[in-house]
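Enquirer: Let the sequences and hints guide you as you build the complete structure.
Spelled out, the chains give:
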Amino acid sequence: MVLNLKGLGKIEIGLLDYLLIFVPVAVYLELTHGSGTYIFAASAISIIPLAAIMGKATEHLTEKLGPGLGGFLNATFGNAAELIIAIIAIKEGMFSVVKASITGSIIGNILLVLGLSFLAGGLKQKSLKFNATAANLNSTMLILSTSGLVVPAVIHSLLKNQSITNAAIDGLNNTISLAIAIVLFTTYVFSLVFSLKSHKHLYGAADEEAEGHKGAEGWSTGKSLSVLLAATVGISFMSEFLVKSLESATKSLGMNEVFVGVIVVALVGNAAEHSTAIFMALKNKMDVSVSIAIGSSSQVAMFLAPIMVFLSYFIGPAPMDLSFTALETLSIVFSVLLVNFISADGQTHWMEGVQLLALYVILGIAYFFIY
Amino acid sequence: MVLNLKGLGKIEIGLLDYLLIFVPVAVYLELTHGSGTYIFAASAISIIPLAAIMGKATEHLTEKLGPGLGGFLNATFGNAAELIIAIIAIKEGMFSVVKASITGSIIGNILLVLGLSFLAGGLKQKSLKFNATAANLNSTMLILSTSGLVVPAVIHSLLKNQSITNAAIDGLNNTISLAIAIVLFTTYVFSLVFSLKSHKHLYGAADEEAEGHKGAEGWSTGKSLSVLLAATVGISFMSEFLVKSLESATKSLGMNEVFVGVIVVALVGNAAEHSTAIFMALKNKMDVSVSIAIGSSSQVAMFLAPIMVFLSYFIGPAPMDLSFTALETLSIVFSVLLVNFISADGQTHWMEGVQLLALYVILGIAYFFIY
Amino acid sequence: MVLNLKGLGKIEIGLLDYLLIFVPVAVYLELTHGSGTYIFAASAISIIPLAAIMGKATEHLTEKLGPGLGGFLNATFGNAAELIIAIIAIKEGMFSVVKASITGSIIGNILLVLGLSFLAGGLKQKSLKFNATAANLNSTMLILSTSGLVVPAVIHSLLKNQSITNAAIDGLNNTISLAIAIVLFTTYVFSLVFSLKSHKHLYGAADEEAEGHKGAEGWSTGKSLSVLLAATVGISFMSEFLVKSLESATKSLGMNEVFVGVIVVALVGNAAEHSTAIFMALKNKMDVSVSIAIGSSSQVAMFLAPIMVFLSYFIGPAPMDLSFTALETLSIVFSVLLVNFISADGQTHWMEGVQLLALYVILGIAYFFIY
Chain A
1 MVLNLKGLGK
11 IEIGLLDYLL
21 IFVPVAVYLE
31 LTHGSGTYIF
41 AASAISIIPL
51 AAIMGKATEH
61 LTEKLGPGLG
71 GFLNATFGNA
81 AELIIAIIAI
91 KEGMFSVVKA
101 SITGSIIGNI
111 LLVLGLSFLA
121 GGLKQKSLKF
131 NATAANLNST
141 MLILSTSGLV
151 VPAVIHSLLK
161 NQSITNAAID
171 GLNNTISLAI
181 AIVLFTTYVF
191 SLVFSLKSHK
201 HLYGAADEEA
211 EGHKGAEGWS
221 TGKSLSVLLA
231 ATVGISFMSE
241 FLVKSLESAT
251 KSLGMNEVFV
261 GVIVVALVGN
271 AAEHSTAIFM
281 ALKNKMDVSV
291 SIAIGSSSQV
301 AMFLAPIMVF
311 LSYFIGPAPM
321 DLSFTALETL
331 SIVFSVLLVN
341 FISADGQTHW
351 MEGVQLLALY
361 VILGIAYFFI
371 Y
Chain B
1 MVLNLKGLGK
11 IEIGLLDYLL
21 IFVPVAVYLE
31 LTHGSGTYIF
41 AASAISIIPL
51 AAIMGKATEH
61 LTEKLGPGLG
71 GFLNATFGNA
81 AELIIAIIAI
91 KEGMFSVVKA
101 SITGSIIGNI
111 LLVLGLSFLA
121 GGLKQKSLKF
131 NATAANLNST
141 MLILSTSGLV
151 VPAVIHSLLK
161 NQSITNAAID
171 GLNNTISLAI
181 AIVLFTTYVF
191 SLVFSLKSHK
201 HLYGAADEEA
211 EGHKGAEGWS
221 TGKSLSVLLA
231 ATVGISFMSE
241 FLVKSLESAT
251 KSLGMNEVFV
261 GVIVVALVGN
271 AAEHSTAIFM
281 ALKNKMDVSV
291 SIAIGSSSQV
301 AMFLAPIMVF
311 LSYFIGPAPM
321 DLSFTALETL
331 SIVFSVLLVN
341 FISADGQTHW
351 MEGVQLLALY
361 VILGIAYFFI
371 Y
Chain C
1 MVLNLKGLGK
11 IEIGLLDYLL
21 IFVPVAVYLE
31 LTHGSGTYIF
41 AASAISIIPL
51 AAIMGKATEH
61 LTEKLGPGLG
71 GFLNATFGNA
81 AELIIAIIAI
91 KEGMFSVVKA
101 SITGSIIGNI
111 LLVLGLSFLA
121 GGLKQKSLKF
131 NATAANLNST
141 MLILSTSGLV
151 VPAVIHSLLK
161 NQSITNAAID
171 GLNNTISLAI
181 AIVLFTTYVF
191 SLVFSLKSHK
201 HLYGAADEEA
211 EGHKGAEGWS
221 TGKSLSVLLA
231 ATVGISFMSE
241 FLVKSLESAT
251 KSLGMNEVFV
261 GVIVVALVGN
271 AAEHSTAIFM
281 ALKNKMDVSV
291 SIAIGSSSQV
301 AMFLAPIMVF
311 LSYFIGPAPM
321 DLSFTALETL
331 SIVFSVLLVN
341 FISADGQTHW
351 MEGVQLLALY
361 VILGIAYFFI
371 Y
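Chains as they are written, first to last, in the UniProt record's numbering: chain A, 1 to 371; chain B, 1 to 371; chain C, 1 to 371.
Please keep in mind that the hints were generated in silico from the structure rather than gathered at the bench. Note that this is a predicted model, so its numbers are computed, not measured. We treat Cβ as the ideally placed atom computed from N, Cα and C, and that holds for glycine. Be aware that one or more of the hints could be misleading.
[What the hints assert, rightly or not] Here are the simulated PhoX-like cross-link-like pairs (lysine-lysine), alpha carbons at most 20 Å apart as the crow flies:
hint: 1; chain 1: C; residue 1: K64; chain 2: A; residue 2: K126
hint: 2; chain 1: A; residue 1: K124; chain 2: C; residue 2: K251
hint: 3; chain 1: A; residue 1: K244; chain 2: A; residue 2: K64
hint: 4; chain 1: C; residue 1: K129; chain 2: B; residue 2: K200
hint: 5; chain 1: C; residue 1: K126; chain 2: B; residue 2: K200
hint: 6; chain 1: C; residue 1: K160; chain 2: C; residue 2: K64
hint: 7; chain 1: C; residue 1: K283; chain 2: C; residue 2: K126
hint: 8; chain 1: B; residue 1: K124; chain 2: A; residue 2: K200
hint: 9; chain 1: C; residue 1: K91; chain 2: C; residue 2: K244
hint: 10; chain 1: A; residue 1: K160; chain 2: C; residue 2: K160
hint: 11; chain 1: C; residue 1: K200; chain 2: A; residue 2: K126
hint: 12; chain 1: C; residue 1: K64; chain 2: A; residue 2: K124
hint: 13; chain 1: A; residue 1: K160; chain 2: A; residue 2: K64
hint: 14; chain 1: C; residue 1: K64; chain 2: B; residue 2: K200
hint: 15; chain 1: B; residue 1: K160; chain 2: A; residue 2: K160
hint: 16; chain 1: A; residue 1: K200; chain 2: B; residue 2: K129
hint: 17; chain 1: B; residue 1: K64; chain 2: B; residue 2: K223
hint: 18; chain 1: A; residue 1: K197; chain 2: B; residue 2: K223
hint: 19; chain 1: B; residue 1: K124; chain 2: B; residue 2: K283
hint: 20; chain 1: C; residue 1: K283; chain 2: B; residue 2: K197
hint: 21; chain 1: B; residue 1: K197; chain 2: A; residue 2: K200
hint: 22; chain 1: C; residue 1: K124; chain 2: C; residue 2: K244
hint: 23; chain 1: B; residue 1: K160; chain 2: C; residue 2: K126
hint: 24; chain 1: B; residue 1: K197; chain 2: C; residue 2: K126
hint: 25; chain 1: B; residue 1: K124; chain 2: A; residue 2: K197
hint: 26; chain 1: B; residue 1: K64; chain 2: B; residue 2: K200
hint: 27; chain 1: C; residue 1: K126; chain 2: A; residue 2: K129
[Claimed, not checked] Some chain C residues flagged as far from chain B (calculated, every beta-carbon gap over 12 Å):
hint: 28; residue: I21
hint: 29; residue: G171
hint: 30; residue: D345
hint: 31; residue: E352
Expert: Spelled out as structure tokens, the structure:
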């Protein structure tokens, strides 16, 4: 992302660009059948600059196409890296990794991104203010959408206590998850109508700010599309390497798949949004930071998660359900409650950042030991 | 209810009145030993206009008797349909249906009624405002009263893990539920003192509005009492038919009792309040809608639920406890948290309505498959 | 504590001073091998005036030493009674009593102290106002710190379902609890920097008020230290008697250890703060009451609980973990959510006090029957 930060922006971009060197490194390691851990590390790192480039291209495209189609594009390609990783993992039937990355995206955005944003902004300014109305809009949307995600987990735990066969439980789980995915996705379509048509004035201020950092030089639609295509191909390959090396890497590092999904995969897949949110916080544009962090979490719950369920019917070895683990469910509930309380008053400071990060570390410890 | 809606109100009343035809239909089907499903449907529908008539009579009576006795009457007869259905079900020992209807009343008022009210009001006006102070008063009351309801479920699940006999567990459950019912009921009595005596000015605005729709022509106390008596008798019979046909109806429709209790019985028993709340929303009197929806839920938790426990000692085959299922407990917790977040800022729009309804549909799906 | 309440203050101190008679009573009973129940009662009562004296000495010391060192002293000795009781219990390996007293301190402060404060203040004045910003600061801190306490319980329940040995489960529990204790304690250190250095202006108003009740006559540092030492020695002995007689007392009274820990030990250990909060409410200084009640709860979660885990490694027969029971976990979650909703609007009345007390009674009933 091009940031007008008097040199700092350019250094940042430079650093991200250098990371592209890991693309050929990952390819070389894969072709020479190198160690799974190194392939995992190289492909994970290489997705970060690719996701940033894809984000930049999408933003230029959105500028040209206007808010209607642009909003849809943004929602789709803004999460493209996550979606591509998920598609590869669904193909391989690694559903627990897919669900862990959904959880990780939700709590990572709320706890890690918002925490770092509050800390970064709070170290520069004593008191940080943001638009409480817009933040409440987003965080109420979030609490409603995540409650949809929590229901299948509850149902799953109740089903296990009933005297029916495992096959019957799996069937019911899938039926319920599909039904809930349809409800969540329909709600998401309504929310697009709400934010892009009927109530777009409520989102106006944040959009305007966000547009400010896109840089003056617009790209042509052709250039944007070519870059988008190239980045998509790059991410696809790197994700394939990432997912395939995940098992051997986690084993040799002594970590479990859920931890890797919640912490590592979610971090990599959301790297572009993360850096934007934190840079906006450093520029004291807390509205944009809060809107990116909370908005991305809602989008994962109402758009990405249902899409992944639908896709599993076409490309997966079996349908994927939405029954998260107890720890995942609780992580989501806690994080969502927290962000609602914190965003209610429209002001924050560095200590709230420390506390959000503390909870992220605590949950990270939990995922490290539990699977 | 007579609504001064320039014709619309009279049409509404007319439609409800036509539904009275289902009273003789239900009686006929019962006498001719008709299909349980049809008896269930006919008696369920016939309760709706009867509850509306009872509501009208209670309101006229409240006007005559003043806020003190009137408030008590309103609380009792405003929920009379629910109470009568519950009494019949308690007599039959159908405790899971009784508890399901308590859950259904709480979440139905918060999710369905408030959701429809926000949607109906929001489609007419871009932004809906209501008195945040009054709404917070009600919703804090709700969170406190429902936490009382949640404790017995937790205790029940803990007791199951202890090495004591089932009879001992049942005994403890009943003791704890009775103790909690007494605490909740005592709190309810204090809340009547609070809202009718010490702090009635806080409820003033909403009351004034609510009185506005009662119509100019007051009924005499005699007329009100006769109508009240007639409606009570009608509802009693219809409820008896409803409860007795419930088992065969649910079987032939492939539904479970808890789903019917949470969704169908709760809908029927609360039909009168539901229609009032939505009509008030259409007239942009959101204060009244919010107060009816949240207030009714509190009343169910603090007044109806304890009364049902007390009654079970006198008319039931055994004492009823308050240990709800895990899904019921979670539904209540989620719905109550939601309404607190939504009502905090005193403004809403159609999208919040869509989201509340989405959660209602998601929970409905869960209850349909789980029992 | 010396309260300028026109006579009332002196009566209060007088009453507390009379309770010191229970110190020799407890010693006499212990030496003559008296009944455990009487020793328990006498030592419990005797801790109340000792804790009040210790609180007074700490406050005088804080005045002399300034906010930096003073703040740390206040945090340590303000909870000294609780800490001493916990140390004795940890030595004896009575971990469930220690954890129960942590739970009891958190919910006791939020439900009992805040409930009594709202009730006491609300009976004198119709509407009570307090600084919503300061209250939100404290209650957000509380929600974040208690979520750290809840995670180990979730992990513990998940571990029980895994096919590993009990010894391995205990080991993991201890590792995770220690890691989380370190995170919580680090966060606490940051919060001291926040409240005593970087953002002390936010806490200014409440401090000023709180200082108002310290009385005009300052003590010399020497006198404060001597009194502090004497009270510490007194509490240490009384706590030893309390903890050692706890088992036989609970048995003969038919109560379980967790109930005694949550209700009795927590009440005794916090008696000093409790009385201050309620007296401040009577003087309509709700800011101080709310700050004491919510602040003490945060301190227990972020400071006392981690310290107890650390101490168990040095003085306990085994390391103590932080996995609370399901009922404890839920009590904390509910109480913390409640206080967040109630403190959000910065105003209250007697009915909210009644409701908080009602929840305290309901939870008390639960603890009485469940263990």
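Enquirer: Please work out if K64/C and K124/A have their alpha carbons no farther apart than 20 Å.
Expert: violated (33 Å)
Enquirer: Once the closest CB in chain B is found, is it more than 12 Å from D345/C?
Expert: violated (6 Å)
Enquirer: Is the Cα-Cα distance between K64/B and K223/B 20 Å or less?
Expert: holds (12 Å)
Enquirer: Has the given pair, K64/C with K126/A, been kept, meaning a C-alpha gap of at most 20 Å?
Expert: Roughly 29 Å between the alpha carbons, so the hint for K64/C and K126/A is violated.
Enquirer: For a C-alpha distance cap of 20 Å, please report whether K200/C and K126/A respect it.
Expert: Measuring from Cα to Cα gives roughly 11 Å; hence the hint holds.
Enquirer: So if I understand the rule, the pair passes when the alpha-carbon distance is 20 Å or less; does K126/C with K200/B pass?
Expert: Cα-Cα ~11 Å, so holds.
Enquirer: Hey, K160/B versus K160/A, does the alpha-carbon distance stay inside 20 Å?
Expert: Given that 20 Å is the threshold and the Cα spacing comes to 16 Å, the pair holds.
Enquirer: Can the restraint linking K160/A and K64/A be considered satisfied, given a maximum Cα separation of 20 Å?
Expert: violated (51 Å)
Enquirer: So if I understand the rule, the pair passes when the alpha-carbon distance is 20 Å or less; does K124/C with K244/C pass?
Expert: Cα-Cα ~42 Å, so violated.
Enquirer: Within 20 Å, alpha carbon to alpha carbon, are K160/B and K126/C?
Expert: Given pair K160/B, K126/C is violated - Cα atoms ~45 Å apart, limit 20 Å.
Enquirer: Sort out whether K223/B lies within 20 Å of K197/A, counting only the CA atoms.
Expert: Distance ~52 Å between K197/A and K223/B Cα, so the pair is violated.
Enquirer: Given the hint that K124/B pairs with K197/A, test it: the Cα-Cα distance must not exceed 20 Å.
Expert: holds (16 Å)
Of the numbered hints given earlier, the model fails hints 1, 2, 3, 6, 12, 13, 14, 18, 20, 21, 22, 23, 27, 30, 31; all others are met.
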